[in-house]
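If you read the sequences in order, they're chains A and B.
In terms of my numbering, the first sequence has 15 at position 15, counting the first letter as 1, and numbering is strictly consecutive.
In terms of my numbering, the second sequence has 161 at position 161, counting the first letter as 1, and numbering is strictly consecutive.
What the hints contain is simulated information worked out from the structure, not anything from laboratory work.
Small disclaimer: the values here were computed from a predicted structure and weren't measured.
Treat the hints loosely; a few may be bogus.
Claimed, not checked - Label pairs and their in silico Cβ distance ranges:
1. GLY57/B - VAL63/A: 33 to 39 Å
2. SER56/A - GLY57/B: 35 to 41 Å
3. GLY90/A - TYR50/B: 24 to 30 Å
4. GLY52/B - SER56/A: 32 to 38 Å
5. ARG59/A - GLU78/B: 44 to 50 Å
6. GLU50/A - GLU78/B: 45 to 51 Å
7. ILE55/A - ARG53/B: 30 to 36 Å
8. GLU78/B - CYS86/A: 41 to 47 Å
Said to hold, decoys possible - Okay, derived cross-link-like pairs now, DSSO-like style, lysine-lysine, Cα gap no bigger than 30 Å in a straight line:
9. LYS133/B - LYS32/A
10. LYS32/A - LYS29/B
11. LYS32/A - LYS30/B
12. LYS135/B - LYS32/A
The beta carbon of each residue, even a glycine, is placed where N, CA and C say it ideally should be.
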Amino acid sequence: MKNKHNSILVDFKRLRQIDGEDFRDSYVQGGKFSLIEAELAVEQMHMTLEGQGRISDLRDLPVNSLKILLGLALTNQQEYLFDQVCLRLGEDIQPFLSSF
Amino acid sequence: MRYLFELTLKAAVAGCDTELTRTVLHYAKKHNYLISIDEKTAMHALFSTYHGRPMAGDYSLLRVLTDCELTYKIAVTEVNREQIEEIRRRESGGEIKVNAFVIQSLNGSRATSKTASRANSRAGSRREERRSKQKLVLELESEAKVVAKSKYQHDDGDSQRKLKDQTERGIPGESMFLSSESLEEDPSKDMVFGQQIQHG
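Okay, chain B solo, but in the shape it has when bound (with noise of 0.2 Å):
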């Protein structure tokens, strides 16, 4: 259930949606799953905000995220390891408190209501639009089994060997984003961090 909840958190975030992020929240609190957000999807909401992005100038979505009992993931590369394991020395335990860089101090606006009429008339368009996005993610999907196809008659070995090497050396890249399932296998890595937000 936790893997549900987020996935669908990352997709409401993903998606810019302010309130489904605070439902799925408030669900997943309320039958008392405690669910993680990664660096990544954090740091898409806070681009959300800037000028000329989808939720320019609304800070609500990351106002609900740093409200809610979330536990960050950070991948531990090259460039941040160092910080992490002064933070790791002067913390004790697994769940480390960072105060690095506070995202609550930003101030904004709440998010608008959306009104009944304004949805009924988005409404047809929205179905428009999807129909478009669909035919983009059937192309997408069949460019890449195309590749996939064309990659897996000419793979030796040698990329797969290659980014298995770059793992192990921590090489900032694709290994950055690892998933926490992998991660979980070998915790002598300990490769993510988990943060608690505090309620005192």
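In isolation and in its complexed conformation, chain A is listed as follows (with noise of 0.2 Å):
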């Protein structure tokens, strides 16, 4: 039986401050999506898991929501989205860095 051991360090002063921030923006090597951008790439990616998808769909999200959907895209295996998400971005595809 594996003894699994976990734990994060939490400053409780600092965790309060966090709750204050509330994730409006957050921060991802260098660039950084805001918490929307993120949810509209996940509710994209569950549409398309559904099979009610669109590809139109793609055309009004933001860029930082198709860098996200990219990898959405890779980690369920959904080839065709992956593609579609490639075109659409374009030169765009560097998620945040230029040496990626």
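Reassemble the complex: the two chains are provided individually, in unrelated frames, and hints are given to aid placement.
See below:
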């Protein structure tokens, strides 16, 4: 049987401060995305998994949502969606870093 | 690829989606990518379980995060510096084992699976909700552009110097969540600690 040991260091003053920040903007490797952009990508992924996603929906998505959707399509093995997101992103395919 | 996985993981956790979070973590692990999550995102998952939050009483997302092999990035600030220094003295090597607070002790229920019929009925409302969100994003973007433009016109460099000064002195604030990229560039500052989940 696996003996798992996992823990997170928490400073309670800091914790309250994070709660106040409310995750409006999130920094990722030199870039940032907003909570709304993340939710849009997650919703689009759900619609695709349920067979109700439309490629035309991608037109309206912000660039950051497309970048998130690229990762979601890859990890959920949705090849067609992945290709379509790649097409939409074009030169913006690098998720926030030029060295990517 | 790791950046893409981390971005996706962060978005899935921010969107409070347990299934997508699990999928991202398993896919990354399957392809031998050791991905990390930052303190802020992990805490967001914790706060989401509070009363009146999107995952009130549902600890499945937290359980996924603690069960998978994740490295937590903890920003060192004036507030927690001494605490972390003490831990560093006790532990050797780059990776730190921390026993301060164990999230896994939380008891909770599993996420309910979404049925197809429920999904169908929600699809229409989702589209409408999505449109309103997209509108909000566009408004925010245009607002941000106006602010950035006016700031650019009036900024004489004082704000940048002030921010740099704050960062050097380690004052909590905007400098607390520096991107790992900038932190990795200067290892002597040693601002980020990784914590491995141990599998014995």
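Quick one: which hint numbers does this structure break? Sort them smallest to largest. 3
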